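Generate the whole structure from the sequences, applying the supplied hints.
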Amino acid sequence: LKSDAGLAYATIETIADGLSSGAFSAQDLVEFYLDRIARYDAGFHAFIEVTADRARDQARQIAATRPDGILAGIPFASKDMFDVSGVATTGGSRVTMNHIATRDAEVIRRMCEAGALSLGKLNLHEFAYGATGENPYFGTCPNPYDRTRMAGGSSSGSATAVACGFVPCAFGTDTGGSVRAPAALCGLVGLKPTLGRVSTRGVMPYSWSLDHIGIFARSVEDAAVLLETVAGLDPEDPASSNEPVDDYLKAVRDGRSLNGITLGVPRAFFFDHVDPEIVAATEAVIATLERAGARVIDVAFPSMEHTRTVSLTVQMPEALSYHARYLDSRGDLYGDDFRAGLALGQCIPAEHYVRAKRLITDYRNHVDRIFDACDAVVTPSTPVIAPRLGAVSVPCGAAAEPVGNAITRFTSFFNMTGHPAITVPSGMHSAGLPIGVQVIARPFEESLMMRVAATAMTAIPVPDFETDGSHGAIAIDPSSPDGALGVRRPHIEHIAPTQTG
Amino acid sequence: MASRPGEGKTPMDPVSRSTLIGMGRELIGHPMRDADIDELVDPKLGIITGFQALLDQLESLRRIDLGALPPAQGVRRRPREECGS
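Going down the list, the protein sequences come from chains A and B. Remember, this note's numbering sits 12 above the position in the first sequence when you count from 1. Remember, this note's numbering sits 214 above the position in the second sequence when you count from 1.
These are computed hints drawn from the structure, not numbers from a lab. A few of these clues could be false.
Here chain A is said to cover these stretches of chain B; the calculated rule only asks that three of the stretch's residues, wherever they fall, bring their Cβ under 8 Å from a Cβ of chain A [said to hold, decoys possible]:
id, stretch
1, 232–242
2, 245–259
3, 264–273
4, 279–290
Remember, predicted model here, so these are calculated numbers, not experimental data. Idealized CB from N, CA, C, for every residue including glycine.
Shown next as structure tokens:
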């Protein structure tokens, strides 16, 4: 298996077929991914800790017991905000380096119960704070398509690990777009379910009222399998919902016709100051959805001018409230940007925090009215392609926009409203970087959302080349499993093993 | 009749570095380093908007009359009959 790069970029469905046919075992798979990580991750910094022994033990048990289910024997990894028993939950920070978890987070528990193998803990922007994914202590993940660019964040390691073929899927957290934005910048599917759909028990909080668990995958079908596994009531998480969990995979497979579905397109704000190629890719997706039977209408969101301010006004006091336990004794161990953010949290008057939460009610009411007229909303996922590493701002019309604000400009609103949202690849930019399109649906209507998203992915032409990380083009076989998916892969294999980036 | 929030209010002065230093010394429990205050006054790290810009936006938001609208709680599924589509 060592030389089979095609397997590295295969979907869970394809890998599960190989496992069930006996083409390879769970133990072979674990060794295959460990070998790739050992060869290439020094240049990407995706992993904070590789839990090889735990994965090998789990693989042995799978081989012995041969449990049913598509996830049995499938490796995965999680952002280092999730507790994995016996392993440090660092939050990507020196502050909590020695926080050893005594129990798996609920998401990890459910994945392992389904037979999946936890391969390790993934890098992130310190404590999930920023969208650039920069981490001065554990290293910054470069974009697998161009290592002079950002992978995005805060779940930078999760996006990088899946895009590099170190794992077929990963989990992250999404408080303002920290799953969807890096997924879009790295050419992946990124799913943020409805607020409360997936338990956050055992996940280090950043902002309780905005935190969501998120999924990174290569296909909508894979995301459906993963969501079905981890969704549902957790009696130990008071914020988790008891809404029934759908058969998401069946919904995606059976629901490619969009007859009877109305899609809303918010032309104002979501199409302003956006890279023209991203607009064109989004329009191509909308045309594809229309051809699949959807009716398309224009919809108008409330004034979005201050929505990121509202989000920040909730985030920072909540983050401060959690981190107060460490600030006095370990404050010097925080990175500069998060320290400044916590300082900002101290300066926000309580009235503004409460007002921000009331404005979120107003936003939700407004979006509910939008969903009176349509079943799903389609927007670009980000207004920009992956910015260069070290950039602090990007052009926005005649002005400059802080890079973190730009990356999450179209995502953070839906953390406040709690609506489910997914990004899927919508094409490749001429700069050699992926572009994403976002689909949003009513609360707990992930099935419909994923039906639309799966159809949206068919808008991407089957690729005839892939990037080589420096804008070059390498011929690939479009009939290969990943080529048939219509998503170009980053092709990291030309990078010398153990090369640092 | 109730006045709109902020109506008739004198515009605030821009926040200064010395104000934030004073807040750190006199009002706030957790320590703020010079570097933290510098980033609030003149952001260079690209993650957050400067504190003054945030205050300006919060002041704009304060002028929106929200009536008796309560803070956001959990999210619920809307029954189909409530949805117009």
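Hints, verified against the model:
1. 232–242: holds (count 3)
2. 245–259: Contact hint for the stretch 245–259 of chain B vs chain A: holds, 11 residues under 8 Å.
3. 264–273: holds (count 4)
4. 279–290: holds (count 8)
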